[in-house]
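J.: Chain by chain, the residues:
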Amino acid sequence: MQDKIKEIEKSIDDAIKDVQSSKSLQEIKMRFLGKTGEISSLMKNMRDVPPEQRPSMGKILNALREWTEEKFSALEKRLKSFELEKKYRDEKIDVTLPGRIAEDGALHPNTLVRNELISIFSGMGFEVFEGPEIENDYYNFTALNTPADHPARDMQDTFYLSNDLLLRTQTSAGQIRVMENKKPPIKILSPGKVYRSDDDATHSPMFSQMEGLVVDRGITLCDLKGMLDEFARKIFGAGVKTRLRPSYFPFTEPSVEVDVSCFECGGKGCRLCKGTGWIEVLGAGMVNRHVLEGCDIDPDEYTGFAFGMGIERIAMLKYGINNMKLLFEGDTRFSKQFKGEK
Amino acid sequence: MKAPLSWLKDYVDIDVSAETLQEKLFSCGFEVEELIELGKDISGVVVGEVVECESVEGTHLSKCKVDCGDKGVFRICCGADNVKKGIKAPCALVGATVYATAKDHVTIEGVMTIKKGKLRGIESEGMLCSGAELGLNDDLYSGAGYCGLLLLPAEYKNGADVKPYLGLDDYIFDISITANRPDCQSIVGIAREVAAVLNKKMREPDCSYNPVKGKYAQIKITDDAPDICPRYIGHYVKDVKCGTSPEWLRKRLALCGLRSISNVVDITNFVMLEYGQPMHAFDLRTLEGREVVVRRAAMGEKIVTLDENEFELTPENLVICDGKKPVALAGVMGGLNSEIKDDTQEVLFEAAKFARDSVRKTARALGQHTDSSALFEKGVNEYSAERAMARALHLIEKLGCGVVTDMHIDVTTAYSRTNEKKMTVSVDKINALLGIEVPAKRMAEILGNLNFGTALKGDNLTLTVPRYREDVDGYPDIAEEIIRFYGYDNIEGTFLPSASITNGGFTDEQKAELKLKDTLVSKGLYEISTYSFYSAKDLDMLHFADDATERRAIRILNPISEDLSIMRTTLAPSMVNVIVRNLRRGNASGKLFEISKIFLAKTLPINDFPEEKMRIALGIWGKYDFFDLKGIVECVGSAFNLKFEYEPCEKPFLHPGITAKVLCDGVEVGYLGMLSPSVAEELALERFAYVAELDYEAIASLAKPFRYSPLPKFAEVQRDLALTCNADTTCAQIEKEIYAACKYVSDVKLFDVYLGAQIGKNKKSMAFKITFTPKDEPIENKIDGFVKKILSNLKFKLDIELR
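If you read the sequences in order, they're chains A and B. Residue numbers for the first sequence, in our numbering: 1 to 342. Residue numbers for the second sequence, in our numbering: 343 to 1145.
It is worth saying that the hints were derived from the structure and are not from the lab. We put the CB at the ideal spot given by N, CA and C, even for glycine. Among the clues, some could well be false.
Stretch-level coverage of chain A by chain B, calculated; a stretch enters the list once three of its residues show a Cβ under 8 Å from a Cβ in chain B [as the list claims (entries may be wrong)]: (1) 167-173; (2) 193-201; (3) 283-291.
Straight-line C-alpha distance at most 25 Å; calculated SDA-like pairs for lysine to any residue [stated by the list, open to error]: (4) A:LYS182 / B:PHE837; (5) B:LYS703 / A:ASN163; (6) A:LYS336 / B:ALA981; (7) A:LYS274 / B:LYS366; (8) B:LYS865 / A:LEU112; (9) A:LYS339 / B:LYS853; (10) B:LYS955 / A:ASN136; (11) B:LYS771 / A:GLY218; (12) A:LYS318 / B:TYR873; (13) B:LYS955 / A:ASN110; (14) B:LYS457 / B:LEU403; (15) B:LYS965 / A:ARG333; (16) B:LYS583 / B:GLU739; (17) B:LYS955 / A:ARG333; (18) A:LYS336 / B:VAL863; (19) B:LYS857 / A:MET124; (20) A:LYS193 / B:SER877; (21) A:LYS318 / B:SER864; (22) B:LYS853 / A:ASN110; (23) B:LYS740 / B:SER604; (24) B:LYS853 / A:MET124; (25) A:LYS241 / B:PHE837; (26) B:LYS763 / A:TYR138; (27) B:LYS955 / A:SER204; (28) A:LYS336 / B:SER864; (29) A:LYS318 / B:VAL863; (30) B:LYS865 / A:GLY269; (31) B:LYS382 / A:GLY269; (32) B:LYS853 / A:GLY218; (33) B:LYS1130 / B:SER1088; (34) A:LYS336 / B:ASP970; (35) B:LYS1003 / B:PRO990; (36) B:LYS853 / A:ARG89; (37) A:LYS274 / B:ALA360.
Start from the sequences, fold in the hints, and give me the full structure.
T.: Below, the structure written as structure tokens:
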């Protein structure tokens, strides 16, 4: 029996001498320790051993098995760690290759500006109201104190769909719809598409406006200025100032044109501001009394202001877009650049 | 509006530079769009006296010595035919800039700098100039039109800059006038503002004349359309002597871009510029019955205007007639039949007010736009009409080109405004509107400078409004007058100290739209914006049938072009056009979306507000396929907590086998599909494109509010089933039957489709992962039973076997 054990020990040593992989080690292990393996067979043969010899025999066999198991496990550990190193080596990648991203798309610059404007003004208590794009003469003109013989109503500016129906030329039309249904205090923003029969390098027959309207007791021109100062700082930067100068709109009186100090040159004069230090951004004014009266709001009790700006114009200024047409072409090379803008 | 500085100086002592005046005008609401310096291209040109002149044989040239006073004496070679000893002419010294003229010696071809040079070997140290080389013509300076040297009077000082002598130091202000100030479409109107902003008194133009009394054959004027002709003033001038106008008059007209015609016509034009009041002069010989009737034209009535065009008229057109026929299109153009001629002896002058829209309609309808119609369209006032008539008569007298009679026929009507308007405003209210405290005295002073009559009593400021200020209506107008002179710089920003608190923000609908946009962006789509109008050709492009509902589009009555002439009824053509444009520009792949309105008429032509429906358009092309698009459509559903169903369908522009309609709770909410090969071929598309269009509002209205559902107490169980079915069985059919067979099924996901040799012909294999969610008790031990039930249902309904 001793010889037999010696023999097994030797054959184990021989078998594992050249073993290279944990897989072949496993086979060898099975050869000796498996159910039908050599050591297991010896164990099974215990039946044939006389009972008095069994304890000592058992001890020897157990020792053999432990020795074998230890041997295999030590080797296995070594092989495994060796194999792991190899695996690491094999699986090494070029970590500097570009990452794979589920790429985001991008919102249209108009939406970006619109959202930013709404978030600025909604913080000041403005609600958003969107009126129809097809309006009638009353909402687009008459109720906005634009008399029937006003040049703005002529066919050359307005797209007509019938005698009375037209494509709205200004989001101001929404003012009336709000004031008819809601009494002061009113603070609304009315964004949307508007249409004018103009098509050249700086005009598009469709563009977007954002109209703001405040009607309450004691609203002054100074309040308009204060609100626009805040808007200009938030959209164009902290140092930007506004300037009011006289203008005319039928639905406001007094009416003003609002310029912001040039955010490109800080007011010193550059190409963007054509050397003047100022950039025209919007029109505004105190709501005309006739407009309030027409909506059954007492102009002696309430005053208000309104302002309207071109969203494309703000977007072009803010992002430095040089051609208005680009906003309506849908060229992905253009859209792509607004990725990440929120 | 063009206003020469020299002309304004006739009425106001302007003691600031042109640039300062430009800034001042800007501050009070008059933006100078362009400040034109008349002689800006001319420099270094002085008065030169030819002291020696010797013609060079065999050439047209003369060798001269020119005395330029303190600048020196120069040898100049000159080719003009009127050069001779003793004359004075503008002399451009070396380094001077003047205009280079073409061979015709008139057309300006650019600016040139004078260099020392040689003409045919003869040295020349400068150039003697013609009028054209200084940018002048006969109207701007008498004699400047001559095709040779511009001869200067002997009293001009040798060596002195010629610009002040020639009026080349003048400026022209091109001013943009807002629509509320038609009174400022005139030199006098601008002068009033200049006087106010400079705090100066204005000198009114001389309007005095001495009518010659006599017994003249009566002229009868009748106004039969007082609503569109509120006022008509006529005046009879006899013994007219037509001739040329004096230099000062021609120059004024030329500075404002008008050509001199004859003294009588020039006077009407001059007064038009000065007062903004168009005038007309009729040759009385041609007025049958010595009569003028202002009336609407009869339908089909005809007139031949001064420019020899014949027009057929309608009652929309106001005409000036004599006893029988139209002799002028009121406010637009005179008739050829009543035009002033060289031998005209008796003239009826007209200064009238015609309604803005009447003149505009006539000018537009007939395509006749004149200086006169432009002014009437903006609005004239009766005060100016009165003044303009008097001013014209003054000039007739002054120029001696006629005898001003005392026959003055002034037709006022119920629509006339001959009185000054009085109004009382509250100083406090004005300050309350402005938000600052302008002292009452300062208010009165500013208004006084603007020719308002003012009387201050406590808080009340009683005003007499100048008659030409028809725009002034209520106290806000007065507030504006005050602040534009008091200065907008005094407006300090405040933040609604008196306003009530309001809640701002988006409505729920607006939030939902933004959320959808963010979802689409997160899936890699770019948002686009396209025009709301396109053309019928865009519908042709997508093969819409003639009777398709998409063809029921609202037409724009006055489109910019046929390409932008109908309001869109579907977003698909716009999206396809953008895809085509991208591919043509080499953008091989892309994913786009647009959320915009379509317009659906209730009746055509429309007579009521149409429906405006928000639609979602999706477009992908290049490396993407149908299922990429479908995945995006499913995301749209998830954004509203909805699950869509899909059924095959057909659209005229989509591949009939690769198109599905999208259903939500049984309601059709849109479609998606592949652009049909025939459309793609017509558009020369080299990549596949897929388009979807969804009804935003229908989807939003079906949106299910998000609710948290409690976690199951027991674990969910998943089973994979590989099924063999007929090749035409759809995934949706199978899913539906799986759900139907067992109420514990909470999710069914296809994860593999196999077609091939291992399964029979006309068969396919589909593998699904099915999730069972327990309700009140564990279900592990029931799953086998569920699966059996599912399989038998599939076998029964769709002849499906487990693979």
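J.: Look at each hint and say if it fits the structure.
T.: Each hint tested on the structure:
no., hint, result
1, 167-173, "violated (count 1)"
2, 193-201, "holds (count 4)"
3, 283-291, "holds (count 3)"
4, A:LYS182 / B:PHE837, "holds (22 Å)"
5, B:LYS703 / A:ASN163, "holds (15 Å)"
6, A:LYS336 / B:ALA981, "holds (23 Å)"
7, A:LYS274 / B:LYS366, "holds (19 Å)"
8, B:LYS865 / A:LEU112, "holds (17 Å)"
9, A:LYS339 / B:LYS853, "holds (21 Å)"
10, B:LYS955 / A:ASN136, "holds (18 Å)"
11, B:LYS771 / A:GLY218, "holds (10 Å)"
12, A:LYS318 / B:TYR873, "holds (23 Å)"
13, B:LYS955 / A:ASN110, "holds (20 Å)"
14, B:LYS457 / B:LEU403, "holds (18 Å)"
15, B:LYS965 / A:ARG333, "holds (16 Å)"
16, B:LYS583 / B:GLU739, "holds (11 Å)"
17, B:LYS955 / A:ARG333, "violated (29 Å)"
18, A:LYS336 / B:VAL863, "holds (11 Å)"
19, B:LYS857 / A:MET124, "holds (22 Å)"
20, A:LYS193 / B:SER877, "holds (19 Å)"
21, A:LYS318 / B:SER864, "holds (24 Å)"
22, B:LYS853 / A:ASN110, "holds (17 Å)"
23, B:LYS740 / B:SER604, "holds (15 Å)"
24, B:LYS853 / A:MET124, "holds (18 Å)"
25, A:LYS241 / B:PHE837, "holds (15 Å)"
26, B:LYS763 / A:TYR138, "violated (29 Å)"
27, B:LYS955 / A:SER204, "holds (23 Å)"
28, A:LYS336 / B:SER864, "holds (13 Å)"
29, A:LYS318 / B:VAL863, "holds (21 Å)"
30, B:LYS865 / A:GLY269, "violated (43 Å)"
31, B:LYS382 / A:GLY269, "holds (23 Å)"
32, B:LYS853 / A:GLY218, "violated (32 Å)"
33, B:LYS1130 / B:SER1088, "holds (17 Å)"
34, A:LYS336 / B:ASP970, "holds (19 Å)"
35, B:LYS1003 / B:PRO990, "holds (6 Å)"
36, B:LYS853 / A:ARG89, "violated (52 Å)"
37, A:LYS274 / B:ALA360, "holds (19 Å)"
In summary, the numbered hints that this structure violates are 1, 17, 26, 30, 32, 36.
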